[in-house]
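There are 6 protein chains.
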Amino acid sequence: MDTPAISRYPVPPLGTLPDDVRTRILAVQEKSGFVPNVFLTLAHRPEEFRAFFAYHDALMEKESGLTKAEREMIVVATSALNGCQYCVVAHGAILRVRAKNPLLADQVAINHRKADITPRQRAMLDFALKVAAESGKVGDEDFERLRSHGFGDEDIWDIAAITAFFALSNRMANVIGMRPNDEFYLLGRMPKSK
Amino acid sequence: MDTPAISRYPVPPLGTLPDDVRTRILAVQEKSGFVPNVFLTLAHRPEEFRAFFAYHDALMEKESGLTKAEREMIVVATSALNGCQYCVVAHGAILRVRAKNPLLADQVAINHRKADITPRQRAMLDFALKVAAESGKVGDEDFERLRSHGFGDEDIWDIAAITAFFALSNRMANVIGMRPNDEFYLLGRMPKSK
Amino acid sequence: MDTPAISRYPVPPLGTLPDDVRTRILAVQEKSGFVPNVFLTLAHRPEEFRAFFAYHDALMEKESGLTKAEREMIVVATSALNGCQYCVVAHGAILRVRAKNPLLADQVAINHRKADITPRQRAMLDFALKVAAESGKVGDEDFERLRSHGFGDEDIWDIAAITAFFALSNRMANVIGMRPNDEFYLLGRMPKSK
Amino acid sequence: MDTPAISRYPVPPLGTLPDDVRTRILAVQEKSGFVPNVFLTLAHRPEEFRAFFAYHDALMEKESGLTKAEREMIVVATSALNGCQYCVVAHGAILRVRAKNPLLADQVAINHRKADITPRQRAMLDFALKVAAESGKVGDEDFERLRSHGFGDEDIWDIAAITAFFALSNRMANVIGMRPNDEFYLLGRMPKSK
Amino acid sequence: MDTPAISRYPVPPLGTLPDDVRTRILAVQEKSGFVPNVFLTLAHRPEEFRAFFAYHDALMEKESGLTKAEREMIVVATSALNGCQYCVVAHGAILRVRAKNPLLADQVAINHRKADITPRQRAMLDFALKVAAESGKVGDEDFERLRSHGFGDEDIWDIAAITAFFALSNRMANVIGMRPNDEFYLLGRMPKSK
Amino acid sequence: MDTPAISRYPVPPLGTLPDDVRTRILAVQEKSGFVPNVFLTLAHRPEEFRAFFAYHDALMEKESGLTKAEREMIVVATSALNGCQYCVVAHGAILRVRAKNPLLADQVAINHRKADITPRQRAMLDFALKVAAESGKVGDEDFERLRSHGFGDEDIWDIAAITAFFALSNRMANVIGMRPNDEFYLLGRMPKSK
Numbered sequence: 000m001d002t003p004a005i006s007r008y009p010v011p012p013l014g015t016l017p018d019d020v021r022t023r024i025l026a027v028q029e030k031s032g033f034v035p036n037v038f039l040t041l042a043h044r045p046e047e048f049r050a051f052f053a054y055h056d057a058l059m060e061k062e063s064g065l066t067k068a069e070r071e072m073i074v075v076a077t078s079a080l081n082g083c084q085y086c087v088v089a090h091g092a093i094l095r096v097r098a099k100n101p102l103l104a105d106q107v108a109i110n111h112r113k114a115d116i117t118p119r120q121r122a123m124l125d126f127a128l129k130v131a132a133e134s135g136k137v138g139d140e141d142f143e144r145l146r147s148h149g150f151g152d153e154d155i156w157d158i159a160a161i162t163a164f165f166a167l168s169n170r171m172a173n174v175i176g177m178r179p180n181d182e183f184y185l186l187g188r189m190p191k192s193k
Numbered sequence: 000m001d002t003p004a005i006s007r008y009p010v011p012p013l014g015t016l017p018d019d020v021r022t023r024i025l026a027v028q029e030k031s032g033f034v035p036n037v038f039l040t041l042a043h044r045p046e047e048f049r050a051f052f053a054y055h056d057a058l059m060e061k062e063s064g065l066t067k068a069e070r071e072m073i074v075v076a077t078s079a080l081n082g083c084q085y086c087v088v089a090h091g092a093i094l095r096v097r098a099k100n101p102l103l104a105d106q107v108a109i110n111h112r113k114a115d116i117t118p119r120q121r122a123m124l125d126f127a128l129k130v131a132a133e134s135g136k137v138g139d140e141d142f143e144r145l146r147s148h149g150f151g152d153e154d155i156w157d158i159a160a161i162t163a164f165f166a167l168s169n170r171m172a173n174v175i176g177m178r179p180n181d182e183f184y185l186l187g188r189m190p191k192s193k
Numbered sequence: 000m001d002t003p004a005i006s007r008y009p010v011p012p013l014g015t016l017p018d019d020v021r022t023r024i025l026a027v028q029e030k031s032g033f034v035p036n037v038f039l040t041l042a043h044r045p046e047e048f049r050a051f052f053a054y055h056d057a058l059m060e061k062e063s064g065l066t067k068a069e070r071e072m073i074v075v076a077t078s079a080l081n082g083c084q085y086c087v088v089a090h091g092a093i094l095r096v097r098a099k100n101p102l103l104a105d106q107v108a109i110n111h112r113k114a115d116i117t118p119r120q121r122a123m124l125d126f127a128l129k130v131a132a133e134s135g136k137v138g139d140e141d142f143e144r145l146r147s148h149g150f151g152d153e154d155i156w157d158i159a160a161i162t163a164f165f166a167l168s169n170r171m172a173n174v175i176g177m178r179p180n181d182e183f184y185l186l187g188r189m190p191k192s193k
Numbered sequence: 000m001d002t003p004a005i006s007r008y009p010v011p012p013l014g015t016l017p018d019d020v021r022t023r024i025l026a027v028q029e030k031s032g033f034v035p036n037v038f039l040t041l042a043h044r045p046e047e048f049r050a051f052f053a054y055h056d057a058l059m060e061k062e063s064g065l066t067k068a069e070r071e072m073i074v075v076a077t078s079a080l081n082g083c084q085y086c087v088v089a090h091g092a093i094l095r096v097r098a099k100n101p102l103l104a105d106q107v108a109i110n111h112r113k114a115d116i117t118p119r120q121r122a123m124l125d126f127a128l129k130v131a132a133e134s135g136k137v138g139d140e141d142f143e144r145l146r147s148h149g150f151g152d153e154d155i156w157d158i159a160a161i162t163a164f165f166a167l168s169n170r171m172a173n174v175i176g177m178r179p180n181d182e183f184y185l186l187g188r189m190p191k192s193k
Numbered sequence: 000m001d002t003p004a005i006s007r008y009p010v011p012p013l014g015t016l017p018d019d020v021r022t023r024i025l026a027v028q029e030k031s032g033f034v035p036n037v038f039l040t041l042a043h044r045p046e047e048f049r050a051f052f053a054y055h056d057a058l059m060e061k062e063s064g065l066t067k068a069e070r071e072m073i074v075v076a077t078s079a080l081n082g083c084q085y086c087v088v089a090h091g092a093i094l095r096v097r098a099k100n101p102l103l104a105d106q107v108a109i110n111h112r113k114a115d116i117t118p119r120q121r122a123m124l125d126f127a128l129k130v131a132a133e134s135g136k137v138g139d140e141d142f143e144r145l146r147s148h149g150f151g152d153e154d155i156w157d158i159a160a161i162t163a164f165f166a167l168s169n170r171m172a173n174v175i176g177m178r179p180n181d182e183f184y185l186l187g188r189m190p191k192s193k
Numbered sequence: 000m001d002t003p004a005i006s007r008y009p010v011p012p013l014g015t016l017p018d019d020v021r022t023r024i025l026a027v028q029e030k031s032g033f034v035p036n037v038f039l040t041l042a043h044r045p046e047e048f049r050a051f052f053a054y055h056d057a058l059m060e061k062e063s064g065l066t067k068a069e070r071e072m073i074v075v076a077t078s079a080l081n082g083c084q085y086c087v088v089a090h091g092a093i094l095r096v097r098a099k100n101p102l103l104a105d106q107v108a109i110n111h112r113k114a115d116i117t118p119r120q121r122a123m124l125d126f127a128l129k130v131a132a133e134s135g136k137v138g139d140e141d142f143e144r145l146r147s148h149g150f151g152d153e154d155i156w157d158i159a160a161i162t163a164f165f166a167l168s169n170r171m172a173n174v175i176g177m178r179p180n181d182e183f184y185l186l187g188r189m190p191k192s193k
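So the sequences go chain by chain: A, B, C, D, E and F. Following numbering that gives the first Met the number 0, the numbering of the first sequence begins with 0 at its first residue and continues without gaps. Following numbering that gives the first Met the number 0, the numbering of the second sequence begins with 0 at its first residue and continues without gaps. Following numbering that gives the first Met the number 0, the numbering of the third sequence begins with 0 at its first residue and continues without gaps. Following numbering that gives the first Met the number 0, the numbering of the fourth sequence begins with 0 at its first residue and continues without gaps. Following numbering that gives the first Met the number 0, the numbering of the fifth sequence begins with 0 at its first residue and continues without gaps. Following numbering that gives the first Met the number 0, the numbering of the sixth sequence begins with 0 at its first residue and continues without gaps.
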């Protein structure tokens, strides 16, 4: 079989990209050993690329009351709801790595109610899935339930904002047919990986 | 009645905001005569604010095969699906103004199938609503239908990206309880307004 | 553009209508200054016309524990659920007038949970939407919740019956393609209108 | 067991009813041998009672391109969708009698796609169920499909109006807890009944 | 009309069947006076036939904390949800016979919330319908509710297993177009039948 | 953390099991190197255990027009729809092994429309998911579409029966909280594994 396309849209050669976009892509390659296809496929539109990753970093890289693994759980659970192959596979890998747990990503993707998570994380994902599926029904009672699990209002904004950002990301990936890199499937699957 | 809150979260005084954020807000006030609450409420997090409006402008202000009115139709139709009061009211106003049509926004919000739009615009909104509700089912047949109405692949990206961006925006507005400014309700409602 | 049709079905000339139907139509024109299209389009079948408006008046014009504005809220909220352009636009106008509130109709149509209404009215609309969407699940617990907000059993019948009547009305309007009069869109939108 | 209530609401003694309502009830008792509970339970509100049965008769008793059995099929199929015990049981009985077929009502109630009906009747029920469940999506293509099966536009109005009227009826029956008379369950079940 | 087919698939002549399958079929004919079509249609695949009826008997014939009538209620309620004509008609008959109640089966099929059952049976059917429709959401709170109605854990397994087995059965019947025997429709409908 | 339970129900010690059940379990341990938890957890009820595995083997081990990998695709896709952690993880592993493809199982579980499969397999899974979610709507048009992809009627029975059997299996696993063995997560993930 031919190498499958990673997008319905043209993937620009690195040399044709604006400097800042190319620099970002080379940096991630340096760090990860490969370039996740989200970078290559979204580079088709540099201005949107910049806003996308600025938003991503503002949510996923900053200090937060949520651990980085928890943030990835939100991505995996809500992306599974949306049937987004790229995000479940890629962020499933990141979740395995960040949680140092080879089982968690598949559990969360299939049914977070059966996953090896704490009641606090269960409440977090219940809320994220409500925001993903029917945000118009969010109300005071949701804030109260989350507070009872120790989440502060800034944490709740984080859960909502990550869910909202990947609502965007899932839709783009689904429409353009973004294909996950083969590398992601195996990442972090070895027990006791570090 | 007291003035209702425009957000569950604190709204920062203008004087405390980073310069670029404040400048943007003052510019919109200068142009519109009031500050839409999306600016004030999202300023609670300046970094996300910057990414949000950079994304917004990249989609809504640029040249496109879609008219500005058509882009607003997408916002109104998909935001109504998501029960987002802020986006339907605010972008309904912008749609009325841009389309110079006082009826269109309400029609599109309630049921785009009954709106005074062209078959091409109907196909555009059918697709946007599919992306909003079940993007995982988007496939070749959707691209083919849109092409048969004269949309090019870049136009399709535009439809998808606007829908995706407001998927994010609707979820944030719903969770933080963003309240539309009273001014929006009446804007553009006078017949033959210009 | 040509004047759009107000129905898929023929609209009978006033002169051809039975006396009682014509008299009713002339009376509403006298009172409102225009004839709402629901009268003209349903006059296609005089016998159903008579039963329709007899039912309507029995619910909407009588004394009730619900104010007239509250009854219109029920119409707007449930008609929005059903995607009925005619009823949301026409009864949205009546709601603005009866509540002397230019914002309320759009709020209730988009998402009653975010509207400027009392907790009692919120419970009323929650119930109306349940009756509209899944009446087979109504049970004692719904009656108890409404009673806890001060509704008596006759009030509950009123909420249910108004919802049920507009379930009929919405379906007819959607099938025949009933178009709202342009006049409705602007009615009651001026602040402090009286 | 005590006799179960036939409504959550008081059932008025015949002697207290307005003359026209009582006369109607006595007539149906004379004809059927018992009084269907819909008459007794809705008599709680005589004005609504009158409008209800006027509407009912305008649709169900008149000349039509649909046979009386076909009209009952519409009632049974859409009432089953709405989980309305009264309407499925009572109109199931009437359908058996009118179609002289002891099997048809249960078939249509459970799954009209598997019922012993003609392709034309299948198209009729497909449309009725669409009107019952998502009338906002009805469009030209529905009219075309029905016309291809020989339905005229007045027949289509009939299908829609019967569905719409029982949308009302189902909701009232579900909310007030209208109980079907025991007599209905067995009516028309004998093979070759006449 | 010709005799309608009882399956999309060939129905094997009795003489061609393996001895054990034929013996089972003759035994049921001896006992019931006719052969329910589920035996004839599934005999198309003897190995699956054997497993199907072994499973069926393990659940439906054994001693249990659920009465035989209660087990049939579960079959009727969940099969109605799945639109399975065969199972609702055939097991509706068995339910009428086992409960010695000519009304119960239709009530449970249309809307178990309105049926003449105990609160304990209502809780049983609520759970069965959750298992049928969204088993992935079953959790501790469901077990607790059932225990509060006096169900033991083995009873809960029974409810779940009967629901699960008929999830299989409904899907097979729906796909192969299994037709209920005419005899079932009338069985057990006489009041005080024994 | 303690070893998590593999079922809400007691897991019987091997020594207490009937001979045939124990023998089957020891055979699978011999072959696979571990005992999949479905054997241990369902052994709680030996009679149901026997029927379950007889059914399973009749469908999954026999000669068929579907390859063994294709049969596992059906299991994975429909079990993901049902949120069944055990079946997606365990049969995902078997699918990877049987298809000699480390990527396919995750793709099919998340969104079969984006998986590396043939159009024929896509049609197979579309049908399986329809049987899983709304079997009451299956009709002639589904058989025709499958035949156009080269499936014979016995193949279609196979697709339906596998889907139906795992409809049962998913519901049992979800209710009893069946936990997948850790071993499954990594099985078959090495590229070019054999």
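Hints are computed from structural coordinates only; laboratory data are not their basis. Among the hints, erroneous ones may be present.
Identical copies look the same in the list; a pair holds intra-copy or inter-copy alike.
Claimed, not checked - Subject to a maximum C-alpha distance of 20 Å in a straight line, what follows is the list of computed SDA-like cross-link-like pairs (lysine to any residue):
(1) LYS61 to PRO45
(2) LYS99 to ARG119
(3) LYS99 to PRO3
(4) LYS136 to PRO101
(5) LYS67 to GLU46
(6) LYS99 to ARG49
(7) LYS61 to HIS43
(8) LYS129 to ARG7
(9) LYS61 to ASP154
(10) LYS136 to GLN28
(11) LYS136 to PRO118
(12) LYS129 to ASP154
(13) LYS30 to MET59
(14) LYS61 to GLU133
(15) LYS136 to THR15
(16) LYS129 to ARG112
(17) LYS99 to ARG188
(18) LYS30 to ASN180
(19) LYS99 to THR22
(20) LYS30 to GLY187
(21) LYS30 to LEU102
(22) LYS129 to PHE142
As the structure is a prediction and not an experimental result, all values here were calculated from the model.
Here is what the structure says about each hint:
no. : hint             : result
1   : LYS61 to PRO45   : between (23 Å within a copy, 13 Å between copies)
2   : LYS99 to ARG119  : within (19 Å within a copy, 39 Å between copies)
3   : LYS99 to PRO3    : between (31 Å within a copy, 18 Å between copies)
4   : LYS136 to PRO101 : neither (34 Å within a copy, 24 Å between copies)
5   : LYS67 to GLU46   : between (27 Å within a copy, 18 Å between copies)
6   : LYS99 to ARG49   : neither (30 Å within a copy, 33 Å between copies)
7   : LYS61 to HIS43   : between (27 Å within a copy, 15 Å between copies)
8   : LYS129 to ARG7   : between (30 Å within a copy, 18 Å between copies)
9   : LYS61 to ASP154  : within (12 Å within a copy, 34 Å between copies)
10  : LYS136 to GLN28  : neither (41 Å within a copy, 31 Å between copies)
11  : LYS136 to PRO118 : between (22 Å within a copy, 15 Å between copies)
12  : LYS129 to ASP154 : within (16 Å within a copy, 31 Å between copies)
13  : LYS30 to MET59   : within (17 Å within a copy, 34 Å between copies)
14  : LYS61 to GLU133  : neither (27 Å within a copy, 30 Å between copies)
15  : LYS136 to THR15  : neither (45 Å within a copy, 33 Å between copies)
16  : LYS129 to ARG112 : both (14 Å within a copy, 15 Å between copies)
17  : LYS99 to ARG188  : both (9 Å within a copy, 18 Å between copies)
18  : LYS30 to ASN180  : within (15 Å within a copy, 33 Å between copies)
19  : LYS99 to THR22   : neither (29 Å within a copy, 38 Å between copies)
20  : LYS30 to GLY187  : within (16 Å within a copy, 27 Å between copies)
21  : LYS30 to LEU102  : neither (24 Å within a copy, 24 Å between copies)
22  : LYS129 to PHE142 : within (12 Å within a copy, 24 Å between copies)
Violated hints, listed in ascending order, are 4, 6, 10, 14, 15, 19, 21; each of the other numbered hints is respected by the structure.
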